[in-house]
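If you're matching them up, the sequences are chains A and B in order.
211 is the number that our numbering gives the last residue of the first sequence; the numbers go up by one with no jumps.
211 is the number that our numbering gives the last residue of the second sequence; the numbers go up by one with no jumps.
Calculated from the structure, these hints are not laboratory results.
Quick reminder that beta carbons are idealized off the backbone N, C-alpha and C, glycines included.
Don't take each hint at face value.
[Unchecked claim] The following label-pair restraints were derived from C-beta to C-beta distances: (1) A/R175 with B/E77: 32 to 40 Å; (2) B/G23 with A/E127: 46 to 54 Å; (3) A/V112 with B/P182: 17 to 25 Å; (4) B/G37 with A/M201: 45 to 53 Å; (5) B/A146 with A/R120: 41 to 49 Å; (6) B/A146 with A/E81: 32 to 40 Å; (7) B/G152 with A/A210: 40 to 48 Å.
[What the hints assert, rightly or not] Coverage of chain B stretches by chain A, computed from C-beta distances (three or more under 8 Å per stretch; other residues unrestricted): (8) 18-28; (9) 55-69; (10) 185-194.
The lines below spell out each chain.
Number of protein chains: 2
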Amino acid sequence: MKLYGYWRSTSSYRLRIALALKGLTPEPMPVHLVRNGGEHRGEAYRRINPQGRVPSLALDDGSVLIQSPAIIEYLEEVYPEPPLLPADPVARARVRGVAAIIGCDIHPLHNVGPLNHLRRDLGRSEEEVGAWIGRWISEGFAAVEALIGDDGYCFGPIPRLADVYLVPQVYAAERFAVPLAPFPRITRVAALAAAHPAFAMAHPARQPDAE
Amino acid sequence: MKLYGYWRSTSSYRLRIALALKGLTPEPMPVHLVRNGGEHRGEAYRRINPQGRVPSLALDDGSVLIQSPAIIEYLEEVYPEPPLLPADPVARARVRGVAAIIGCDIHPLHNVGPLNHLRRDLGRSEEEVGAWIGRWISEGFAAVEALIGDDGYCFGPIPRLADVYLVPQVYAAERFAVPLAPFPRITRVAALAAAHPAFAMAHPARQPDAE
Numbered sequence: 001m002k003l004y005g006y007w008r009s010t011s012s013y014r015l016r017i018a019l020a021l022k023g024l025t026p027e028p029m030p031v032h033l034v035r036n037g038g039e040h041r042g043e044a045y046r047r048i049n050p051q052g053r054v055p056s057l058a059l060d061d062g063s064v065l066i067q068s069p070a071i072i073e074y075l076e077e078v079y080p081e082p083p084l085l086p087a088d089p090v091a092r093a094r095v096r097g098v099a100a101i102i103g104c105d106i107h108p109l110h111n112v113g114p115l116n117h118l119r120r121d122l123g124r125s126e127e128e129v130g131a132w133i134g135r136w137i138s139e140g141f142a143a144v145e146a147l148i149g150d151d152g153y154c155f156g157p158i159p160r161l162a163d164v165y166l167v168p169q170v171y172a173a174e175r176f177a178v179p180l181a182p183f184p185r186i187t188r189v190a191a192l193a194a195a196h197p198a199f200a201m202a203h204p205a206r207q208p209d210a211e
Numbered sequence: 001m002k003l004y005g006y007w008r009s010t011s012s013y014r015l016r017i018a019l020a021l022k023g024l025t026p027e028p029m030p031v032h033l034v035r036n037g038g039e040h041r042g043e044a045y046r047r048i049n050p051q052g053r054v055p056s057l058a059l060d061d062g063s064v065l066i067q068s069p070a071i072i073e074y075l076e077e078v079y080p081e082p083p084l085l086p087a088d089p090v091a092r093a094r095v096r097g098v099a100a101i102i103g104c105d106i107h108p109l110h111n112v113g114p115l116n117h118l119r120r121d122l123g124r125s126e127e128e129v130g131a132w133i134g135r136w137i138s139e140g141f142a143a144v145e146a147l148i149g150d151d152g153y154c155f156g157p158i159p160r161l162a163d164v165y166l167v168p169q170v171y172a173a174e175r176f177a178v179p180l181a182p183f184p185r186i187t188r189v190a191a192l193a194a195a196h197p198a199f200a201m202a203h204p205a206r207q208p209d210a211e
């Protein structure tokens, strides 16, 4: 396997955690999102992923999978142990629901494209961009905080799909200086995950392309 | 089952299609997103869904599921026929990948919250808001167009998860007057779906709260 990603990208980090939890160690293929006007926009990378986004996972037979939510569901199906989802369908929907709040209602709004549009096309100040980011993270985290449990990871003693999504989102929140004090459950989960070997090895600072 | 949703909401429409394809007919529970400052923000609805968003699906045992991606995966697990995903894991990832482009990279950016933030908090004009919407739909559709097939639905002769996501996104594109001429595969899929009974009964205009 080859993992095309960028050290600081939220969705690359998310996929690295899922891979590490499954005990998979693909070859890292860094794609620099800033250098040369963004290597993800270049022709070479678009031949791998026509959408020109990270991450992508190239399988050993040459198939390329795109979109972290789709790739992580693939991993869960093909490498079922340890499971990222519980067995009961309603419990699975609760775990996937928290993942979707992060993957749909928070992260897309502070992705590099929308932030650059706010800055360059709409001429917004860094203060306005920061308020935009903070709003979506804070509103989304308020929902997550209400839905996850009082101890352990988001949904009990072992990490699940919700934690795979939450930990990179907390990293992004810290990077953007969004206050986390209103979210004690979320900060508890992030602290617990920081001590877990799979989460630790997936951390942006541990990647070969980290700056 | 009770389906809390809004006739014109993209994610409510998406869930209605999945339910209709599975032959499920939950009781409609309209939640008006504009009237009374937004009924989804009210205390009564937040007791059902702490995030205060539509759709939510209340099961007959009282469990409430939130977030359309999570609810649709639940439906696929509990009501496997007809399947919204093919059997092969790589093929499933391709179908889910197109769904994720729409569910993560397009729809969240033109959701009501971000558009209102652009208008009210950032003072942007309707022309600027329209360009914002058009950019994310057009960029996302260019990727979808490159990934789906040359005839039938997105991935063959029967509707799959990608079509469940695509058809409401085309409806939104038309509503926002985004040009669809560059996307002949997408418009072919939308035309085919319009003649399918499940897609037809899920259409916003057919809902009891349609205006």
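Return holds or violated for the Cβ distance of B/G152 and A/A210 against the range 40 to 48 Å.
-> Given range 40 to 48 Å: holds, Cβ gap about 45 Å.
Indicate whether the distance between the beta carbons of B/G23 and A/E127 respects the range 46 to 54 Å.
-> 52 Å, holds
Does the hinted range 41 to 49 Å hold for B/A146 and A/R120 at CB?
-> 25 Å, violated
How does the Cβ-Cβ distance of A/V112 and B/P182 compare with 17 to 25 Å: does it lie in that range?
-> Check passed, 24 Å falls within 17 to 25 Å.
8 Å C-beta test of the region 55-69 of chain B against chain A, three or more residues = holds (count 7)
Check of the region 185-194 of chain B against chain A for coverage (Cβ-Cβ below 8 Å, three residues minimum) = violated (count 0)
Determine whether the Cβ-Cβ distance between B/G37 and A/M201 falls within the hinted range of 45 to 53 Å.
-> 47 Å, holds
When you take the CB atoms of B/A146 and A/E81, is the distance between them in 32 to 40 Å?
-> 35 Å, holds
At a Cβ distance under 8 Å, does chain A reach at least three residues of the region 18-28 of chain B?
-> violated (count 0)
Could you tell me whether the CB distance from A/R175 to B/E77 stays inside 32 to 40 Å?
-> Distance hint for A/R175, B/E77 holds at roughly 35 Å.
Violation of the numbered hints given earlier is confined to hints 5, 8, 10; the remaining hints are satisfied by the structure.
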